[in-house]
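A.B. asks: Take a look at the letters that make up each chain.
Protein chains: 4
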Amino acid sequence: MNAAVIGASGYSGEELVRLLARHPNVTLAAVTSRSLAGKPVADVMPGLRHLVGDLEFSNSDPAELAARDDLDVFFLALPHGVASEYADPLFQAGKTIIDLSADFRLGSTAAYEDYYGQPHPAPHLLQAAPYVIPELAGEKWKRASLIACPGCYPTSVQLPLIPLLKAGIIKPSGIVINSYSGVSGAGRKVAEDFIYCERNESMKGYGMPKHRHLSEIEEQLEKAAFTDCIVQFNPHLAPMSRGISTTIVTKAIGSLQDVYSTWDAAYADKPFVSVLPSGTYPDTKYVAGTNRADISAVYDPRTKNFVITSAIDNLLKGASGQAVQLLNLKFGFEETAGLV
Amino acid sequence: MNAAVIGASGYSGEELVRLLARHPNVTLAAVTSRSLAGKPVADVMPGLRHLVGDLEFSNSDPAELAARDDLDVFFLALPHGVASEYADPLFQAGKTIIDLSADFRLGSTAAYEDYYGQPHPAPHLLQAAPYVIPELAGEKWKRASLIACPGCYPTSVQLPLIPLLKAGIIKPSGIVINSYSGVSGAGRKVAEDFIYCERNESMKGYGMPKHRHLSEIEEQLEKAAFTDCIVQFNPHLAPMSRGISTTIVTKAIGSLQDVYSTWDAAYADKPFVSVLPSGTYPDTKYVAGTNRADISAVYDPRTKNFVITSAIDNLLKGASGQAVQLLNLKFGFEETAGLV
Amino acid sequence: MNAAVIGASGYSGEELVRLLARHPNVTLAAVTSRSLAGKPVADVMPGLRHLVGDLEFSNSDPAELAARDDLDVFFLALPHGVASEYADPLFQAGKTIIDLSADFRLGSTAAYEDYYGQPHPAPHLLQAAPYVIPELAGEKWKRASLIACPGCYPTSVQLPLIPLLKAGIIKPSGIVINSYSGVSGAGRKVAEDFIYCERNESMKGYGMPKHRHLSEIEEQLEKAAFTDCIVQFNPHLAPMSRGISTTIVTKAIGSLQDVYSTWDAAYADKPFVSVLPSGTYPDTKYVAGTNRADISAVYDPRTKNFVITSAIDNLLKGASGQAVQLLNLKFGFEETAGLV
Amino acid sequence: MNAAVIGASGYSGEELVRLLARHPNVTLAAVTSRSLAGKPVADVMPGLRHLVGDLEFSNSDPAELAARDDLDVFFLALPHGVASEYADPLFQAGKTIIDLSADFRLGSTAAYEDYYGQPHPAPHLLQAAPYVIPELAGEKWKRASLIACPGCYPTSVQLPLIPLLKAGIIKPSGIVINSYSGVSGAGRKVAEDFIYCERNESMKGYGMPKHRHLSEIEEQLEKAAFTDCIVQFNPHLAPMSRGISTTIVTKAIGSLQDVYSTWDAAYADKPFVSVLPSGTYPDTKYVAGTNRADISAVYDPRTKNFVITSAIDNLLKGASGQAVQLLNLKFGFEETAGLV
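Residue numbers (this note's numbering), protein chains in the order written: chain A, 14 to 353; chain B, 14 to 353; chain C, 14 to 353; chain D, 14 to 353.
Treat the hints as calculated values from the structure; they're not laboratory data.
Incorrect hints may appear among the rest.
No copy labels: a pair is met if it fits in one copy or bridges any two.
[Said to hold, decoys possible] With a straight-line cut-off of 20 Å between C-alpha atoms, the simulated SDA-like cross-links for lysine to any residue are:
1. Lys108 <-> Ser158
2. Lys264 <-> Thr316
3. Lys223 <-> Ser291
4. Lys179 <-> Glu232
5. Lys236 <-> Gly187
6. Lys184 <-> Arg315
7. Lys236 <-> Arg315
8. Lys283 <-> Gly66
Use the sequences and the hints to build the structure in full.
C.D. replies: Shown next as structure tokens:
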């Protein structure tokens, strides 16, 4: 199977290249970037020198890529809006597309327009494009050829919450989420706010109260809860390269034991979700560089709340690792192939 | 006026030494530490070489210190429990004591025992020891000779919340607080969890749901609200040396304009509290090394919550800076003396 | 005395604003920046909110500034080449100018052209502009009205070496210098190489073997040694915001005792140079935020070399702090005024 | 093939566990630690949760381990001195031992005693124990059953220098080496000097002029040069978790082209050494997490020196990665097995 990474100039693209170059079942056959076309990948991603050989960035346009017989699966590491320009012809050509942008994450075109500030670029594809966190999504999605890979914050939120909402163990209303992301969450963005001296020794909130990922979080929580879920989502930047630490406060319906038995049932056979004992806190350090999510919870008898904490690597379980996990599951490879 | 820092071996003690050595109205006359007695301060705190000259750590016991005529004011940078061993004889001797420990922060001895795991060591002094965040405490406390300096997390919480609770602009119930502290919050603690490689690139929660500072936060919020305030307080460790970033979710009663007019009234003439425009987020980087607190708020019409953010330097406005501010105000010095 | 900071948008400019706003003998009367004119300084430098009040950036051109009667001393925090455009009219108008650029650091216009890639922009001013590290420069320079403030790396090199070269204790040939700078050494440069994720957890050399500061280092060492000094200078970037750590290997002529007695004689009464005992290593952490230089040396009997180490804060003793120290000395203020 | 990691409580041990748990040709059958015996490995190394399953630390003594039939190869991640207590009985029992300590790195027992402060603990084994950087060591060593894995600093020095010394392209005398190590170089040492706030934003030298690794460096350089090599070696600590950045100044004999053609010949078919073009600088960021060494050089016509720079991950190519590479080569596995 031959894979292509489209728009590989950012950090998610780099992680895709790293993972696919080592993948036992896949050949990384093309890496594209409009701005880097013709350059050796090893020059742009010196950390991957030992993996990429002489591979160069190519500058294929969507139609050309769709016409290539030698490419089977396409990972889109592109900005929202741009991703659709590729997804559409590739989909028509019968290719498999795993899209890491926001273009196919929302079922509602109204929400897309509200949160992303432009009309949805490819509404006709939405029905065909399942949104998939593999631990939560069942089996049907594997028949799709266009798959929406979830956002980083939303993954850190849904893995602990969705099973609990489905089981009715927490109240769907009044959920408060605080998330802290490493700076790579902003991608390889060259702006004053992201230079070293501005982010080092700095912690701050941003994008409150209506960060784009809120739309994705709420849509998915509501599907699980079968009711409205209006959440407070507070994203922050933390002085580290990678990792998301999320802390969620929810009203308890069931007991802490219910939380754990629900999680154990949901994740017992899932290689990438670790349920930590109550009182042990997920630490971004221990998931960085892995495709794992660590989750944990405490109960506060004073407030009758659960405080739920999770940690993921924003570039792996929050983006490229999850994308490769989707590939593995869709094509029947080992779920962990290329990911440990 | 001659000042002494008692128990100066930790980071708060070091900041006190720095501030007092530069203070225009105070002479730093003694610096004590049981473990460091006899050592030059400059050897233990090389960053202060230019400030401390030949000063050495002394090892005075409480009674000896109380008997010294040449010392007027004592800053206690000691663990809880130990602080009382000094506060008692110093108080009896008529000295001024600014205590940075938890010993006199709580009015309730039951809460002290519950949260600190031992009976209160000096209950007879509690009445005499006001708890003072200077921007919130009025004038009466200046007559006291034993003053409780608030904790770091509680300061970051109370500065934004107390005026709003007093004005009835937020609901006292259901408050959710997430705080992220730089590693110096743990003091100069030598333990595996605090070595560089364990904390670098790491973010995690700890001490949930009943961190010691919760008792202090709730007691003070309840005083302001004249009703119960059961809050959810989630402390975390962040990979930086200094700073606390706090994000608070509260139910709105008044409008965002009410929040800002209340804050403006409370802090217009306060040199150390900056009210930032809604949408500008306090950043620990911009308060590090200062005695300032930055606060800001947004309103979320979807949830009818305010999301309030604050940032302080945990060692300054959260400890030693506030202690010196207390000194300044009590003795009629410029409020900012030695602090800018 | 009224001071102006010209070109204050970078990190050195920010430090100048911080230092001058607190200076007991100086009023910070103007802060200029072409790109930021009209903006409140507090918005651009939020860390200085408590110091700058309502001050705004102004956009004066050189002639206008030279014509202002209310401004006495000008700090130029401008790129090389641009600085001369201001220095010339200000000098003609009889103002005092402390220039932090490279324009007046080199006596040789040929070296300037060689290292900076353009003809010297104001050769007629060179004779009038002394190059001054205050601990090394004697008294005559105080009569000058245009003063060249040395570079950061060169300051970290000259403070330990110049007295030893003058005393003939080290060989002038074969000196090897390795320097490691915090990222603020690149200023507030917005480029991919300086975004957080590129510099975090990264250490690398750059600019070898002919970094611009080499010209300044060699010219000054040669003046002290009265002979050629061809040195190997290896600059590097280190993952921290501030600080320069320099390690120098030189052939010994005298003994280690000679090194220390020479340093002690040179620096005994200098408040900003600390001579550390052999075996104690200067640490950037302990000079960060100060105008101090720490220096130390060991002797290696196997190689007959001295290994000399120094540490400074690149933005303070390496730039803005030293500039204010120059102001203090020129105008007869306390040498440490505004600097402790 | 069944492998055991002896003394796995430190960072090198953790990396060995990570690498061996993923190794395609090896089963990680035992992980021992006196202090951690009985604890699940996943609890002590939470970052490896997904790799180690239910494996527990065992507390076997040397004799017991030597008697176990189910263990074939032993990695000793022990302090010097202690390693010999295991190496001796394991060697007698015919096991394969890859020792990461210093015990078998030096051929000279006198040097061992001089640098490590104690008589050599197992001089009778020295002849049998080759010192092996695999890219430099030929083939004979593969017959040995006790192999000395080189130190981190020495690896970063020898990879660039040994081929040049052998080819006579650089002068063996007067070499100056500056190395900067991430804090994990000190292992999981719990001491005040290694807590986060002491190392963050800090750069400093240490252990000059006679660091323990100097003995190893000089012995190996002398073997390659067939003459004395008295080098100046300056180790430093840098504020990052992993990585060694080394900068070497040597007198040129040949040309820069000679340097590159020699390196190309030595490393063309070596998967873990990348020769970077002159003017491109090895960056610890790009080798962190890999077993790679990046090397580069510039020539300075003014000094007639080469300035050679290298970067490795101190825990991988500088320790555990190299150990696994040795295993691969000795047993005929792919050289990169388990290492990419």
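A.B. asks: Hint numbers the structure violates, sorted upward?
C.D. replies: When the structure is compared with the hints, none of them turns out to be violated.
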